[in-house]
Amino acid sequence: MKKIALLVCLAFCVQHSFAQDKWFTLYTDSVGLVKDANTVSDLFIADIKKLAPDLKFNPTTILHTTPYLIYYDEREKTANIPLWEQVLPELKGFTYKVAGSEEGGRQMFGLFFNGFYLPHELGHGIQHFLGKSGISGSFDNEYLANTISMLFWKKHGRQKELDSCYAYAKTMYATLPNPVPTGKTIEAYFTENYEAATRDPFVYGYMQFGQFIKIYEDKSLPDFDGFVGKYLSGQ
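So the sequence shown is numbered by my numbering: it starts at 814 and just counts up by one.
The hints are simulated quantities; they were obtained by calculation from the structure and are not laboratory data. Take the hints with a grain of salt, since some may be wrong.
Pairs of lysine-lysine residues, derived as DSBU-like cross-links and limited to a Cα-Cα distance of at most 30 Å, are as follows [what the hints assert, rightly or not]:
{"id": "1", "residue 1": "Lys869", "residue 2": "Lys890"}
{"id": "2", "residue 1": "Lys983", "residue 2": "Lys967"}
{"id": "3", "residue 1": "Lys910", "residue 2": "Lys835"}
{"id": "4", "residue 1": "Lys967", "residue 2": "Lys862"}
{"id": "5", "residue 1": "Lys945", "residue 2": "Lys968"}
{"id": "6", "residue 1": "Lys973", "residue 2": "Lys862"}
{"id": "7", "residue 1": "Lys869", "residue 2": "Lys1043"}
{"id": "8", "residue 1": "Lys973", "residue 2": "Lys983"}
{"id": "9", "residue 1": "Lys968", "residue 2": "Lys983"}
{"id": "10", "residue 1": "Lys863", "residue 2": "Lys973"}
{"id": "11", "residue 1": "Lys863", "residue 2": "Lys905"}
Across the chosen pairs, the derived CB separations fall in these ranges [stated by the list, open to error]:
{"id": "12", "residue 1": "Asp855", "residue 2": "Thr984", "range": "29 to 35 Å"}
{"id": "13", "residue 1": "Leu943", "residue 2": "Ala1001", "range": "22 to 28 Å"}
{"id": "14", "residue 1": "Leu901", "residue 2": "Thr988", "range": "31 to 37 Å"}
{"id": "15", "residue 1": "Ala1001", "residue 2": "Ser843", "range": "17 to 23 Å"}
{"id": "16", "residue 1": "Asn991", "residue 2": "Ser1033", "range": "34 to 40 Å"}
{"id": "17", "residue 1": "Leu876", "residue 2": "Phe1015", "range": "22 to 28 Å"}
{"id": "18", "residue 1": "Leu1034", "residue 2": "Glu916", "range": "28 to 34 Å"}
{"id": "19", "residue 1": "Val847", "residue 2": "Ile999", "range": "32 to 38 Å"}
{"id": "20", "residue 1": "Lys968", "residue 2": "Ile875", "range": "38 to 44 Å"}
{"id": "21", "residue 1": "Lys862", "residue 2": "Gly970", "range": "29 to 35 Å"}
All of these numbers come straight from a predicted model, not from anything done at the bench. Glycine included, each C-beta is placed from N, C-alpha and C at the ideal position.
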């Protein structure tokens, strides 16, 4: 029985590892995208349950391509992920422009929207589940979700992919105009204008990629378990 249990465990680990081999790349297969996304989601939920076993946190991840690209639906409790072939031409054009080429845009899309941002959206799910979400703190909510995602991927050994995301974030951030008016802090501006910002990828990208860079460079952050455990306990 012990030998059978060990084989089952090994088979699961191999399947789990294989399912994430393509993650952080651009998917053309919707079935494969959803399957791998749910593997990542299950891993994230399992990590949360280890920290808070009694927490009834069970969001689902679905394919639903919209102009928002990737987002968490608080009413449906779903993380909505995009497929490149279904993305609007003007949004593809945005990725080409900020990444410097069509190939760069496709790579960036894979790294962030079929990669980094899924745990970010599940982080929003935790915020909503705990009653800590809300438009009044949008900049801070985004920063928290980005931090959770960064620490999750570090925990699971995806530093190489984070390095690639960082390189693209630096390139894109340098090309994006600063939308924040003189005399206004970035935190205040994006909190006050959050809904409008989400409708302009150049404005919203300035905030998101700027946050990614700052969090990536922050050497004072604890590990995922320490950071999220403290958040879940209300500290």
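These are the hints, each one checked on the structure:
no.: 1; hint: Lys869 - Lys890; verdict: holds (12 Å)
no.: 2; hint: Lys983 - Lys967; verdict: holds (19 Å)
no.: 3; hint: Lys910 - Lys835; verdict: holds (25 Å)
no.: 4; hint: Lys967 - Lys862; verdict: holds (18 Å)
no.: 5; hint: Lys945 - Lys968; verdict: holds (24 Å)
no.: 6; hint: Lys973 - Lys862; verdict: holds (27 Å)
no.: 7; hint: Lys869 - Lys1043; verdict: holds (18 Å)
no.: 8; hint: Lys973 - Lys983; verdict: holds (16 Å)
no.: 9; hint: Lys968 - Lys983; verdict: holds (23 Å)
no.: 10; hint: Lys863 - Lys973; verdict: holds (26 Å)
no.: 11; hint: Lys863 - Lys905; verdict: violated (38 Å)
no.: 12; hint: Asp855 - Thr984: 29 to 35 Å; verdict: holds (33 Å)
no.: 13; hint: Leu943 - Ala1001: 22 to 28 Å; verdict: holds (24 Å)
no.: 14; hint: Leu901 - Thr988: 31 to 37 Å; verdict: violated (20 Å)
no.: 15; hint: Ala1001 - Ser843: 17 to 23 Å; verdict: violated (40 Å)
no.: 16; hint: Asn991 - Ser1033: 34 to 40 Å; verdict: violated (26 Å)
no.: 17; hint: Leu876 - Phe1015: 22 to 28 Å; verdict: holds (26 Å)
no.: 18; hint: Leu1034 - Glu916: 28 to 34 Å; verdict: holds (32 Å)
no.: 19; hint: Val847 - Ile999: 32 to 38 Å; verdict: holds (35 Å)
no.: 20; hint: Lys968 - Ile875: 38 to 44 Å; verdict: violated (25 Å)
no.: 21; hint: Lys862 - Gly970: 29 to 35 Å; verdict: violated (20 Å)
Checked against the numbered hints given earlier, the structure breaks hints 11, 14, 15, 16, 20, 21 and satisfies all the rest.
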